[in-house]
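Peer 1: Produce the entire structure from the sequences given, and follow the hints as far as they go.
Protein chains in written order, with the numbering used here: chain A, 1 to 309; chain B, 1 to 309; chain C, 1 to 309; chain D, 1 to 309.
These are calculated hints, taken from the structure and not from any lab test.
Please read all numbers here as calculations on a predicted model, not as lab measurements.
Certain hints may be false.
Pairs involving identical chains hold if they fit within one copy or between any two copies, as the list cannot separate such chains.
Within a straight-line C-alpha distance of at most 30 Å, the following computed DSS-like cross-link-like pairs (lysine-lysine) qualify [stated by the list, open to error]:
(1) Lys212 x Lys202
(2) Lys212 x Lys51
(3) Lys202 x Lys51
(4) Lys13 x Lys51
(5) Lys13 x Lys212
There are 4 protein chains.
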Amino acid sequence: MECGDPVEQISLKPRMSVNELMCELARAGAYNGGALARAADIYEQMLTDEKTVKFFGLAGAMVPAGMGGIVSDLLSRGYIDLLVSTGANLTHDIIEALGCRHYHGSAFCSDIDLRQEEINRIYDVFLPNEAFLTFETFMQESLCALDPGRSYPITELLTVLGQRLDRGILSIAAENGIPVYCPAVADSMIGLQCWLYSQSGKISVDAFSDMKGLIDRCFTAESAGALLVGGGVPKNFILQSMLMTPQGFTYAVQLTGDRPDLGGLSGATLEEARSWGKITEDARAVTVYGDATITLPMLVAAVLERIAQ
Amino acid sequence: MECGDPVEQISLKPRMSVNELMCELARAGAYNGGALARAADIYEQMLTDEKTVKFFGLAGAMVPAGMGGIVSDLLSRGYIDLLVSTGANLTHDIIEALGCRHYHGSAFCSDIDLRQEEINRIYDVFLPNEAFLTFETFMQESLCALDPGRSYPITELLTVLGQRLDRGILSIAAENGIPVYCPAVADSMIGLQCWLYSQSGKISVDAFSDMKGLIDRCFTAESAGALLVGGGVPKNFILQSMLMTPQGFTYAVQLTGDRPDLGGLSGATLEEARSWGKITEDARAVTVYGDATITLPMLVAAVLERIAQ
Amino acid sequence: MECGDPVEQISLKPRMSVNELMCELARAGAYNGGALARAADIYEQMLTDEKTVKFFGLAGAMVPAGMGGIVSDLLSRGYIDLLVSTGANLTHDIIEALGCRHYHGSAFCSDIDLRQEEINRIYDVFLPNEAFLTFETFMQESLCALDPGRSYPITELLTVLGQRLDRGILSIAAENGIPVYCPAVADSMIGLQCWLYSQSGKISVDAFSDMKGLIDRCFTAESAGALLVGGGVPKNFILQSMLMTPQGFTYAVQLTGDRPDLGGLSGATLEEARSWGKITEDARAVTVYGDATITLPMLVAAVLERIAQ
Amino acid sequence: MECGDPVEQISLKPRMSVNELMCELARAGAYNGGALARAADIYEQMLTDEKTVKFFGLAGAMVPAGMGGIVSDLLSRGYIDLLVSTGANLTHDIIEALGCRHYHGSAFCSDIDLRQEEINRIYDVFLPNEAFLTFETFMQESLCALDPGRSYPITELLTVLGQRLDRGILSIAAENGIPVYCPAVADSMIGLQCWLYSQSGKISVDAFSDMKGLIDRCFTAESAGALLVGGGVPKNFILQSMLMTPQGFTYAVQLTGDRPDLGGLSGATLEEARSWGKITEDARAVTVYGDATITLPMLVAAVLERIAQ
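Peer 2: Have a look at this one:
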């Protein structure tokens, strides 16, 4: 048991850059501020390690909160090789790509009034219900263009949707050939639209068939790293993908608002993941507890400052 | 703005029953203790309302924590009409049904040592890795018995598994014809086993086809109620199932360890759900924040005391 | 690293007692449910160990939530030797002892409307402002009865107040000669009333003089135990009281809604307290994370069932 | 119920300044990221409003985490008129001012080993016990220099300590005549040292006498604002100081890791404070939930960038 570097009292300077602030957090080094600084070091190393396959897990209502722009940017820059998302984030990405908007609202308001004005609430974000009409038109037209005689893997369904859009996460992923996994796609408005389509048309989407490509990729990867925003299905799906291979993740950063003592995977430490072999015994890994609408922009802005040309 | 009943200072009596304690919490009426007491009132009313279709959402690592026994009991007593679960809870239910056990462990230990001893950790629960060998044998045999020419809905795959077991959640659900939904089944060891099987055999499981039965049930329900343990896919999937119908849930109880201000659905209030029409404007609904390993047993024990003959 | 007992799936029985439920939580043994069951074992042992001096720390707005009744009951039964409280809990205890009431309210309401109706809000508890007028009369009369030539220790000031009341925490403590410590008394309505009195009268209360009695008691204790409800000043003050002695607490149970990773003492684990010597290396100690309006009544009801005659 | 501005998807640029990032958070505007951006607007307005008396509340183990440097800086720049702190932060400030250091450590380690190596742990910060020997020498010498015939207000005791130091919070506050309130000073190592001194010498510190200066200041303030880091005694003491005046705080920013539903003041919303009149009905107020080791540096760096010459 040894003491490390001394804690340095933070010194702020007007007009300092985000990475300069991150370096101050590193020198202070404590609690989640220190963890965030370690996350920046790990994520920098992960992004600049060319042998590493880069996973990104996207859970929580991040697109309605404006965090989709960061995912799009990372996709464009080549810093994501495989994206695993909840269906909700992809739904809201499509909505934004179709030109509908989410709006600043309030968490302290009458939800019955909102209901009567046909505004849906996501904490303090408002989404007028009409966005879902635009979404429905897009989805029904898109599903109609599928080959009714084929069974689609979920990733391919999402690629088809992305190809019909001209901006946002699904569009950029499709354009760059980056697979988007969404194992719980039925659990989203995309799923409901598929059900709706199936009332009159024929659609077949296989729950498992895209796992083959994923696990093959894991087998052939020399090294793998993951940035996990939130927990949920994306975190578990990414981590379990390595269970079938002899190796594990060698880099892992988790930004979560959950907590470990409730036992759920979303709040579980990455240490716990070592016992399962999901990450390697000597993996560089850190969990930052807090709201990803703060920690994700700080982390990515600092790392871009370090590595972007 | 009016004051309600006065807060009564709690009076404890040796040997009081769980429901007597719950009634004390009701008279105190504050914070999550008060919310839990309101949850008991709502859940009692929901279970005794014969016109109500009863949903149960199961997220979080509840089966490894011994909470599966409560779900099994509710299924046996006819208090669950549709169960929506994470894949992990069903995996661990199968493991227990096969005679393997989870063990009391510690959250403060070396995960590297655990890895070397082939023990997987879930917070303070230990699961020896050999359980997964037993699980694998069961799964491969079960999948082998499927008709390779058919595309199975996820619920039917789970029914088949339940029929091959003689205790636990899946077994009791299968025996009683209660459908178990697991939209994110690929995101679990069940999913990995299906992938493994597909390396040599043929398996086809459709991501969407069981939504028809679910939504039909929602359309025909005179009234619907939900007990949501944790958030994640089960909560969202249950709540969204009503979006396609003109009605919403009229009873809803949520036991969650998350928090609303992070924006994610898992911690979102049920008030928010009113803005979407997922629950009705005058639905009886309450959220209890806390660890479901405490709140679920208290809630169910108190309500059973009220209604059981 | 070894596996302990197997996790038993919980079995609930209608009309089971609180302690029977607690024993089920012990057999399940996981997460905070398991921690609560261990807390019951420790607290039972602590209360029945006659050599042990019993501390009780009371933070959080517990009296307005009806939890004061439990503290009063424990004082009456002789299960608290020293009570350390926030000033707010004592203020609300006096208010209740004077016959004013707290009321069931709502956390989702207009605080501006409440302000205009002179109702103060504590999450979902309402307290009409007129209670503070009754409180002010009591306090000014009580302070007037003090000897202006003396400097009072805080504990003695609180004893004087308790002697002028006929029920509640301060009253029962005064009647039974149990000292009540409140190091941050200035940080409460009691403090504001003392300031108000000092505008015209003379009052002298010493910040430190009652520490002598406390630390003497710690020195002479063969063994010491603490039940800590919430963190804040009571937790720290109790734990630091042992720092001046060669020993530490041998029993410690903490019920807190905080979390450790933020670094604050309120959420710190009791493990951390071992590094400081606040609790002994082999102390029996456990932290239960959750809302004390649930965990405290369960804990005490179960332990009373075990030990009460 | 109206929608506000649209949520803008965040756009990060390498080498952007902290305030540029904050402006992106403002345009996104959701969850705690949005709240932090509103906090920056309020804090900027509060610091540049010359009529406003500026309070700063310091709770949580902030000095051991390197956040003391930010407080020192704000004191030096004239942005704090009254500081209210826990005793622990002041203890650790003295320790650092005496040349002792806190060190980077780990939260996952054996506290029994730490105990045997005489290292005290504060989550992942290590503090060798020898620092307290240096602290004891300083404290005993300082207390010895007090006039044994006088009763000191707590603020004056702290000024005396600050005058004997040449850096850190207490030193800068003393140098600039800024009062430091610490109502729970007995609940800290400073309190224990005072007790120790009183074993042989005479010391008299009054619990209430410095409230007069505080409340007079509140009465004469044209306007008042507060930045509250953590909850605890500092938050309550600051907010209650206005209860005796006809006005309330007109600016308030709270950075807290607690949550409102547990009922405790530390996690209570500032809306709740409106019902009490602690903040005015039209006060600009916001709570940011998260770890202050991240939110405080971001907030202050962004605001300094806006206002510093």
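Peer 1: Now tell me, hint by hint, if it's right for this structure.
Peer 2: Cross-check of the supplied hints:
no.	hint	result
1	Lys212 x Lys202	both (24 Å within a copy, 13 Å between copies)
2	Lys212 x Lys51	within (21 Å within a copy, 45 Å between copies)
3	Lys202 x Lys51	neither (42 Å within a copy, 33 Å between copies)
4	Lys13 x Lys51	between (37 Å within a copy, 26 Å between copies)
5	Lys13 x Lys212	neither (51 Å within a copy, 37 Å between copies)
Comparing the model with each numbered hint stated earlier shows that hints 3 and 5 do not hold.
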